[in-house]
Amino acid sequence: MVTYFSEIISGLWSLVLGLSVTFVEFIRPNVTVQYPYEKLEMPERFRGHIQLIGDEEGRPNCIVCMMCQRACPSGCISLSGKKEEGQKKKTLNSYILDFTTCSLCGSCVESCNFNALEYSKEYNLASTRKEDFIIDLLKRLEEQNS
Amino acid sequence: MSVPIRLQPDETFILNVGPQHPATHGVLRVKMEMDGEYIVSAETVIGYIHRMHEKMGEIKTYPQFYMNLSRMDYLGALGYSHGHVLLIEKAAGIEVPERAEYIRAITVELNRIASHLFWFGAFVMDLGGFSPLMYALQDREYILDMLERITGSRLTYSYYRFGGLYNDIDDQFIESVKKFIPRMRKSLKKYHKLVTGNIIFRKRLEGNAILSKETCRKYGASSAVARGSGINYDVRRNEPYSVYPEFNFDIPVYHECDSMARYKVRMDEIEQSLRIIEQGIAKLPDGPIMPKKAPKIIKPPKGDYYQAVETARGNFGIRLVSDGTKNPYRLKLRSPTYSNMHLFDETCTGLLIMDALAFMGSLDLVIPEIDR
Amino acid sequence: MNVPLPNADHLVGIVFLIMIGLTITGGVIACNANRLVRAVAGLVVCFVGVAGLYYFLNSPFIAMMQMLIYVGAVAVTISFAIMFAAPEESKKHGPPGTLAGPFGLITAGLLFGGFTLLALKTDWQVHAKINDGSVETMGKLLLTEYAMVFELISIVLLTAIIGALIIARRGRSS
Amino acid sequence: MELTLLNVVIAVTIAIGFAALNAAYLVWAERRGAGRIQNRPGPNINGPLGLLQPPLDGIKLMAKQLIIPGGADKALFIAAPVLAMAPAIVSFVTLPFSDTIIAHNLNIGVLAIFAFASLGGISLLFAGWSSRNKYAVMSSVRAVSQAIAYEIPMLVTVITVVLITGTMNLMEIVEAQKGGIWNWYFFPFTSGLYNPLMTMSFLIFFICALAETNRAPFDLGEAESELVAGFHTEYGSMGFGLFFMGEYANIVIGSCLTTLLFLGGWDAPLPVLSFIPGVVWFLIKIYLIIATIIWIRWTFPRTTIYGLLNLSWKILIPLSLFNLLLTAGLLKVV
Amino acid sequence: MIVEKTRKALEALFPQPEQEESSAEKIEPSEQEEAEQKEETPRQNGIIERDYSVHGYHLDVQVDPAQLYVAVKIIDELDYFIESITGVDWIKENQMEVIYDFSRYDFDLCRVVIRTRIDREDPKLPTITPIYAGANWHERETHDFFGIKFEGHPHLIPLLLPEDADFHPLLKDFKA
Amino acid sequence: MEILSLYNNLNTFLIIGALLFSMGVYGLVTRRTLIGMLIAAELILAGASINFMAFNRFTAPDPQVGQIFTLFIMAIAAAEAAIGLSIVVAIYRNYKSIDAEDLVELKG
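Protein chains in written order, with the numbering used here: chain U, 1 to 146; chain Y, 1001 to 1372; chain X, 2001 to 2174; chain S, 3001 to 3334; chain A, 4001 to 4176; chain B, 5001 to 5108.
Keep in mind that the hints were calculated from the coordinates and are not lab data.
On a predicted model such as this, the values are computed, not experimentally measured, just so you know.
Cβ coordinates follow ideal geometry from the N, Cα and C atoms, glycine included.
One or more hints might be untrue.
[Stated by the list, open to error] Only part of the chain S face toward chain X is listed, based on derived beta-carbon distances under 8 Å: (1) I3078; (2) A3079; (3) V3082; (4) I3122; (5) V3137.
Could you build all of it, start to finish, from the sequences and the hints given here?
Have a look at this one:
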């Protein structure tokens, strides 16, 4: 009989304690960020999809050594370049990132010895069309420069 | 409230829980034969998001594979990566700088807390309480923010490299970890006040789904499932790896064998992980994070190798059969939840459906990790 | 233009007609529906109608009890039993024997005719005194004059509960 | 019977309007409250403070297609939500909002509300049965057995109050509690009865009201983590909308009853404050209770079915019966 | 020590222990080079004690498929728990290897690997589900990936693969 | 508007009662399943109750007796429903049928 009532009392007390916790939370300020209206700064090391790094004149640092293409586990990088006359290095013709299969592992960035690749801060990645994720990085670099 | 049932063959019906059911947290399907609200037998059907990681492991080279490990378990990714890098380092004989190991331990423990917090929230939500999830997510977001600053990613960190780390941590990270520890302790108190002591919660979990030691052994259960059944088993202690022998921490073990015991084990583990992080931050040595001569191409010698680690979900084992080339000959991933989930079929017989789903919640399931 | 606006009295009459309609439709559904669940639905409608009739007979208390007991308890119990015992009842409808349908119809018709004749032919002594429908007098009567019946009813109910438990028990825990 | 056409039309219109408005804005309040408890804002985009959210939700629900699952019992499937909503609205007719605002003062008001509420139970059964879904059937069986189990302690507590006042008329019950907070049956110091257990009765009634309206922590009928969405799993569009509105209307009725029976209805807590009209006090009280109900929902986990029945049969029924006997004894002595 | 105890118990399986064991002992201390040499010739059934810090397990037991059930029984009686079952496809030798991992819950650490080799053309093994109920899924998974038939298994249908799958993706000659 | 003052007429209620009663009888005869019969029986009881109530209102010297009788009928109906349905459940469990004609064994 004593346990019966003590259980009721302690049970009720535990409920009151729970209510007090939520009440304290009720008067605490919001912690959420109202996303489309306010946006957070992405941290420095944020790994978005990759992008090319250009030099001062806006030309890509890439010398088409194909290391990134070889390092990629999912085969989502395809690039081509040709050696133009009079120049020592190859120049980049096209750099296509197939973001549909990319898993953002960063192997390409790590394998690059020429400081030609970096992560972008892009996180608004949603689209209804698959083609939007076949990204031409060279064009992107040009757009950034202009 | 398990009740033995005398069966009448045509009084039962089949209830198909999943693959899209709110309680299964993913695409898991349980075919339950029901007698009213009592479960007569259950058959778990998995494999809906099977991705054949093991075959990928055979096709890809060693460095190409490490990001797959963090895709296995999206909540406690670092633990799995840790197992992988430890195995390859052991097999290929790569020395790891001490600082890297410490940072690995700290981040793994942070990730373990994040995983346990998410489990806590989801578990209480399975039981119908919604707000604890939001509080747990607040604390988890804090951890994710810290880890994102360091690793660049919130869930699928590919942070560890063979021989060390991808990036060093900075002072700001250490500061935020130091700030995090008292905050988490305060939150834990709040959780215990809000959830653990709650009479409704206690009544639901105490005595629910008793798992005997013997059952755990026959199925190879680990993590809180085993420790809630009175088995003092934690790979960090039983089979020390990395820098865990340096730390002073306890393995919480409860002998009640019920869902409440499993819950308590995980909540206590958060506290223990905090202790490890505290010590890790205090003992953190200076030095490089990658060995001086880290091999570019990894070719472990012929033979087979095994490494077990304690992830947030339990005893994760990874076996490598190497033939001396740059691709593994065979890579076996032994996922802890696979064994824990397997228990479910046998144990939930005779339970009410709501108890069975509470039990399922207490197993801490991450479906991609079961399906691999 | 000379349709009179319905006044309060008319409204009462219309509500009464609605109640009669509910009762009869409910009754028809209850004894003719193919699916037993629909029969229960008909029964519920019928009972609501009957409760309305009781209200018109100056007994709101009984009307409410009718709703509470018949709709809230009896109908629910019957639906439970249907869900338990007759999952595929819809297959089992239809004329049972060759004679049951017509025979039932004739019996019912005869009964109805007889009762109606009886009701209409008899010269009922309508009293001017109308009950006040008050709960107090009824309560007093129940505990004084009809105390015995009241007690017996409680015993019957108790026995019914226990008996139902014993009959329907499966003995899970044994 | 002093029913006049105008009276009835106005009463029904106001009742429907009140129920619908309450249902809509209680959803808003619930979501905002839940948001605040969880440190997030809740719906705040549409309109000031998100106040346009409920009508927009309603429009969305109405614009949706009404899907009737194959194999469902069409007639019952459509009838069930109506049957769930209708008694809730009818109940408003007998609820007094102040000493003057009442549609129809029924002599047995308390009983009438319970009688109408019993229609709600059968609607859940029909909804579950007709939608041909195992989850729905299980949940409706749960919901009904729960409603039956909690009707007993609830009625017993109501009888306790009826015993004290000697009437089932809601107006008179409130009149009996007049004169300030110490006269309310929530904790009656005065009014000739010194029953300290009335607080407990109040709690019992409140718990039962939660259970009867299928609210958390007793929302077993729609336990979304077990039974997907319970008896309205198959309902979309306005069918779901009606269930939803019915649920909130039931909450309002439950809190109105709690206020009338235990919190003095429209009586001001202190006689000094009685210059404020009774309706205001009444509304303040019912919304406080509704706020508590929302608060409770977002705090506690759900009970189990056996925990629920244990609570009813082992705790609530004995205690409420004990209080009934005690009150009867006190009435005899005092 | 449990390693010794397990070893003793398992040695009963191999009738000519003296010679077998000593040869195995001799090989072990010498490191990888010799081990590699050994791998060239098909390995004899028997027990090898492995260096834990290199391989991650203590006892490496190779048994005949017919002995498997008995070996697992011994392991079970010594209170080991099952970790995993997996296969390896040695296509060059036209053989299939099935590996059973066992470990212990107590602090007396000992990991035991039981391996057995079967013919690749007709892969059949007795099931161990009567001993370890938890082997059920592991065996089903191995059946999925390698097509190894576990005779006596109660429910040998695809687990991770689609239910109508008739391919075995981890075979080395599998082409997607 | 004669039809609108029907509620003041005893015969209306008597005829409705008779109608319900005969519908119940019809249902009792034609229904094959036990539950169907039970539903019909409830209709019969309702018909009888209406008669009681009507006489109570219009002709009874003591205007409470009819109401009390109706209350008793309700109690009996509830008890009957409970017992009857538990019998149905028990029968279903043993015979897998609630069809009255399948239960020939009950005839002894």
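These are the hints, each one checked on the structure:
For I3078/S, the suggested interface contact is broken, since its CB lies about 12 Å from the closest CB of chain X, more than 8 Å. The closest approach between the C-beta of A3079/S and any C-beta of chain X is roughly 7 Å, which is under the 8 Å cut-off, so the hint is satisfied. With its C-beta approaching chain X no nearer than about 12 Å, V3082/S sits outside the 8 Å limit, and its interface hint is violated. Checking I3122/S against chain X: minimum C-beta separation of about 6 Å stays under 8 Å; hint holds.
Interface restraint check: V3137/S against chain X, minimum CB-CB distance 7 Å, threshold 8 Å, status holds.
Consistency note: the structure conflicts with the earlier hints numbered 1, 3.
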